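Here is how the chains run, residue by residue.
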Amino acid sequence: MQDRPTARELLEAVRRFLEDDVVAALDGPARFHARVAANVLAIVGRELEDEEGLLVAEWTRLATLLGRPADAPPERLAALRAAVGEMTDALCARIRRGDADASPFREAVRAAVTASVAEKLAVANPRMAR
Amino acid sequence: MTALAEQLAGWIVRATGESTARVSALRPLAGGASRESWAFDLVHGDGRVDHLVLRRDPAGRTIQGSRRQEFLILRAAAAAGVPVPAVRFCEDDASILGSPFFVMEFVAGETLARRLLRDAEYAPARAALPEQLAAALARIHGMESRDPTLAFLTVPPAGTAPAAAELARWEDIYRAATPDPHPAIELALRWLAPRVPAVAQQRIVHGDFRIGNVIFGPEGLRAVIDWELPHVGDPMEDIGWLCVRSWRFGASAPVGGLCERERFFAAYERAGGVRVDPAAVRWWEVLGNFKWATICIMQARSVLDGVVKSLELASLGRRVVEMEVELMALTED
Numbered sequence: 001m002q003d004r005p006t007a008r009e010l011l012e013a014v015r016r017f018l019e020d021d022v023v024a025a026l027d028g029p030a031r032f033h034a035r036v037a038a039n040v041l042a043i044v045g046r047e048l049e050d051e052e053g054l055l056v057a058e059w060t061r062l063a064t065l066l067g068r069p070a071d072a073p074p075e076r077l078a079a080l081r082a083a084v085g086e087m088t089d090a091l092c093a094r095i096r097r098g099d100a101d102a103s104p105f106r107e108a109v110r111a112a113v114t115a116s117v118a119e120k121l122a123v124a125n126p127r128m129a130r
Numbered sequence: 001m002t003a004l005a006e007q008l009a010g011w012i013v014r015a016t017g018e019s020t021a022r023v024s025a026l027r028p029l030a031g032g033a034s035r036e037s038w039a040f041d042l043v044h045g046d047g048r049v050d051h052l053v054l055r056r057d058p059a060g061r062t063i064q065g066s067r068r069q070e071f072l073i074l075r076a077a078a079a080a081g082v083p084v085p086a087v088r089f090c091e092d093d094a095s096i097l098g099s100p101f102f103v104m105e106f107v108a109g110e111t112l113a114r115r116l117l118r119d120a121e122y123a124p125a126r127a128a129l130p131e132q133l134a135a136a137l138a139r140i141h142g143m144e145s146r147d148p149t150l151a152f153l154t155v156p157p158a159g160t161a162p163a164a165a166e167l168a169r170w171e172d173i174y175r176a177a178t179p180d181p182h183p184a185i186e187l188a189l190r191w192l193a194p195r196v197p198a199v200a201q202q203r204i205v206h207g208d209f210r211i212g213n214v215i216f217g218p219e220g221l222r223a224v225i226d227w228e229l230p231h232v233g234d235p236m237e238d239i240g241w242l243c244v245r246s247w248r249f250g251a252s253a254p255v256g257g258l259c260e261r262e263r264f265f266a267a268y269e270r271a272g273g274v275r276v277d278p279a280a281v282r283w284w285e286v287l288g289n290f291k292w293a294t295i296c297i298m299q300a301r302s303v304l305d306g307v308v309k310s311l312e313l314a315s316l317g318r319r320v321v322e323m324e325v326e327l328m329a330l331t332e333d
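So the sequences go chain by chain: A and B. Using our numbering, read the first sequence as starting at 1 and increasing by one per residue. Using our numbering, read the second sequence as starting at 1 and increasing by one per residue.
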């Protein structure tokens with residue numbers, strides 16, 4: 001366990017430095033790129049806020065949708081990420097096969113995918129989230 | 001004087017035979033990640049000054065068509081009455097300035113979409129642009145596609161709808177580029193495939209007609225720029241692309257953040273455009289979102305693969321979700 005500041009607090013400190021000091025000191029393309037950098041750090045900060053919780057929710061949603069046991073998500077973060085990736089691949093293959101063209105699987109898939117993209121958007125661009 | 005200004009001045013003197021011409025005030029123009037634009041003044045012996053723009057590929061790279069092609073399409077567009085910067089010179093020999101280039105007249109004005117859509121100064125432009133963009137697009141679609149100087153334009157394979165050809169092309173690009181699976185994009189592809197619009201008349205399309213690719217002043221449209229992706233295809237493609245949510249830059253009106261679809265369709269038809277098929281426009285808007293998602297994936301991928309070093313391009317990978325959300329909303333039916 002590391003000492004304070006936490007990783008998120010450090011990220012936020014760098015983001016504020018970029019936004020308050022660096023952007024003001026630059027102009028032209030460098031100023032624009034400093035803004036991009038501050039925005040990227042904000043994305044990473046939001047992602048770290050509850051990455052595990054969101055991955056567990058996505059894992060459960062995908063396992064349910066694909067008719068797999070949905071009560072014991074992997075406990076390690078890396079395994080959880082790999083499992084979500086594998087099930088997303090499996091879902092894509094089923095959509096390409098046409099399985100999601102008709103009811104009732106279509107509605108179930110759309111509901112699950114809508115939830116996943118909304119969660120991604122809340123991290124990547126909360127201002128656009130509607 | 002910089003080496004570039006000297007080389008450019010030497011070339012212009014040789015090309016025009018005007019031995020007293022000078023190049024001054026050469027400066028890079030912002031914008032355009034893929035190619036370089038420079039503004040400069042061409043000062044004649046008698047003191048007259050032409051304000052010009054040099055466009056060239058980054059040294060050693062030729063991308064998205066040649067500068068010669070951009071020069072030719074700009075010339076043809078001007079002849080058809082489309083507001084564009086007038087072109088002056090073109091050179092294919094990469095040894096002159098390090099890569100092929102062309103020169104056009106400088107059009108003063110603004111290109112930043114957010115200024116257009118928010119600043120009080122541009123309120124008259126916001127009011128005028130729907131009709132002006134519609135008229136410009138109608139003229140583009142009225143250009144002669146059999147013009148022999150435009151023989152480089154790609155044409156859909158015989159017997160194939162332009163929409164079917166574009167869908168197949170972008171699906172291939174997407175599958176080759178994406179490092180992650182995207183169920184929202186797979187659903188959009190299943191929506192697009194059975195709804196491919198047929199097209200009666202194939203026209204010249206701009207290929208990147210949107211806010212951000214026009215120069216405007218407080219009074220309205222001054223020039224349509226960024227002619228890097230023209231081709232022969234379905235004219236509805238340009239209208240659908242103009243409606244893609246990202247090109248509203250946070251404003252709410254569907255056509256470039258400027259107006260409702262109906263107003264734009266009517267103005268385009270009045271200006272002599274092709275009869276608008278709203279269902280086809282919708283299809284191209286969905287394809288446009290898929291295309292823009294794919295471009296963001298490709299740009300981010302080029303950073304992940306170490307081809308380029310750019311935080312801006314890397315960050316586009318996290319914009320893909322914006323188009324996924326939009327695709328889910330557009331394909332509910």
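Just so you know, not all the hints are guaranteed correct.
Chain A regions said to be covered by chain B (calculated; three or more residues, Cβ under 8 Å) [what the hints assert, rightly or not]:
#1 11 to 20
#2 25 to 37
#3 92 to 104
No lab work stands behind these hints: they were computed from the structure. These figures come from a predicted structure and were not determined experimentally. Even for Gly, the Cβ is constructed at its ideal location relative to N, Cα and C.
Now the hints, each set against the structure:
For the segment 11 to 20 of chain A, the stated coverage by chain B is not satisfied: 0 residues place a CB nearer than 8 Å to a CB of that chain, which falls below the threshold of 3. Closer than 8 Å: that is the beta-carbon criterion, and the segment 25 to 37 of chain A has 6 residues meeting it against chain B, so the requirement of 3 holds. Note: the segment 92 to 104 of chain A has 6 residues with beta-carbon separation from chain B under 8 Å; the three-residue rule is met and the coverage holds.
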